[in-house]
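**Student:** Put the two chains together into one complex, using the hints given.
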Amino acid sequence: MEIKLSEPILEYNDRLAEENRALLAEKKVYMLDLMASPGAGKTSTILATIDALREQFSIAVIEGDIASDVDAQKIKAIGLPAVQINTGGGCHLEAAMIARALEALDLDGLDLIIVENVGNLVCPTDFDLGENAKVMILSVPEGDDKTLKYPGIFEVSQAVVLNKIDTLPVFNFDCRRFEDSVQALNHRAPIFPISALTKEGLDSWTSWLAKEVSGVVG
Amino acid sequence: MHEMSLMTSVLETADETARKSGAKSITRISLTVGVMSDVLSDALEFAFEVLSPESPYADGAELVITQVTPRSRCQVCGLEFDHDRFHRSCPSCQALATELLAGRELFIESIEVENGD
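In the order they appear, the protein sequences are chains S and U. Okay, so the first sequence: first residue is 1 according to my numbering, each after it adds one. Okay, so the second sequence: first residue is 1 according to my numbering, each after it adds one.
Looking at chain U on its own, in the form it has when it is part of the complex (with noise of 0.2 Å):
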């Protein structure tokens, strides 16, 4: 993956929403990832702290990340379940046409700022 382009992406957003909303700098930066998007977790922290110091916001802050578990629909029988990364079959009629709802997410959820006063 490109997980370091991803996170000069991620620095840039935060970096410009910590500007407008006028604050000092960035104490914690929250994403979420979904297992399929096969994003490394560890990729993206190892990015984080190559360039997070480059950050004239960001540098020191806190890099939080919440992983997102896939969960499928069969489009056979209905039923929804959770599955890892490669076997998305239905577990109970064993249908391959299923439909993805949640875990290729690929999210910047939230930074916590600190203000100047």
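For reference, chain S alone in the conformation it holds in the complex (with noise of 0.2 Å):
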């Protein structure tokens, strides 16, 4: 006897992805799932996000790391909430995790919640958290040509964050080829070049984040 079930293989982590977004939206927050490789500059470009935004909206990150707790320490000690996961050897974080990590959060006193994915630019595509947006941050120094050889990441982000353009001068990074392959598998992205470091072009991107929060807190 055939059963037909046409059921996405996914289905268990979406359903609690959209208990997760149910809830969100309830509250009035807004959740940016951030992922890139190891390295990228994800705890640097929240730390710059969070410098640029905090007067405006009340922060807090979820932590994604296979090990350790270094960088929810990293944002206790600019004196907002985190919450670590230890993924214990998972390469992404799924719908599940970020749903006890919300239990742990003071949801009706917060704006924004920023997730820190595990570093990785494969796994985490594919896995929806119940998040407004994703967004993706690429390094200069990893090479124009990563759109190429991942581009699932590419396809799935909201907007493309483009970190390190204080290190281009010593890269053979062409920036032109990287925006016209981001478009090529995106077309609705927008690329923000910046430096986590020297704050260069940061405004761009905090300024389109901080629209699409509005939009959500109100």
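No lab work stands behind these hints: they were computed from the structure. Treat the hints with care, since some could be wrong.
Said to hold, decoys possible - With a straight-line cut-off of 20 Å between C-alpha atoms, the simulated EDC-like cross-links for lysine to aspartate or glutamate are: (1) S/LYS4 with U/GLU16; (2) U/LYS24 with S/GLU2; (3) S/LYS4 with U/GLU99.
**Tutor:** In structure tokens form, the structure reads like this:
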């Protein structure tokens, strides 16, 4: 006997993600899923973003790492709530992990949650966490060909941040070629060239994010 | 990708469906996988070989994977066209503004079960 299912393989994750999304919408909290490879500057971009937006919004961070709580400690050191998720070898965050992290946060007092996904350009792409937007960071030293090698993550991102532009003089990174190849994969995503270190270009990125968050928070 | 965890999820769904229907065993699991999902059929088959003997229903079952070729519509000239994993610009007007219609599927289509009687 054949039983028809036509059920998404990630149905369980997708269902939990929708529950997270509904909870966040009810509490008027915007959640950003920030994805990048290890060392692209996720934490330093988050710190620079917080610095620019903390007057305007109440912010918390959910840190996803295979091990350690060094990132959560950096967020707590600047006086913001942070929840560390250790995946214990897992290469991406899933909606169930986010659901548990949301329980540990006071959602009534928050406007923006930044989720720092596990450093990986492949697996986080497929897992809906219940976020309002997925954004990815590529850094200049990684090379302008990463769009060709990891197309999936560029395709699902609502915006692309190009970090470490202060290092452009010492790397053979063709910005034009990078922008054209991002466009070819995802013509809707704006690209924000920034340096989290020198703060160059940061304004256009944080203005975009502030507008997104305001749309949810009101 | 993470084909092992995907297959774990497939087998959980299949076992649960078989249990609810009162079946004795699962003889076939059919999946639909879009090429744009970056999920490898070979890796799914390997995961199935490793994991299905642990399943209470699916040990010895057959795995059938149907691949879906990507298809997009050009938002400039309206052309619908099939394409490969990496080239999605419009073959007619070369526009980059195209919308994916099919190719990112990741579905358990059906299972075939054998009843106890």
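**Student:** Evaluate each hint against the coordinates.
**Tutor:** Results of checking the hints against the structure:
1. S/LYS4 with U/GLU16: holds (14 Å)
2. U/LYS24 with S/GLU2: Given pair U/LYS24, S/GLU2 holds - Cα atoms ~13 Å apart, limit 20 Å.
3. S/LYS4 with U/GLU99: Status violated; Cα separation ~28 Å.
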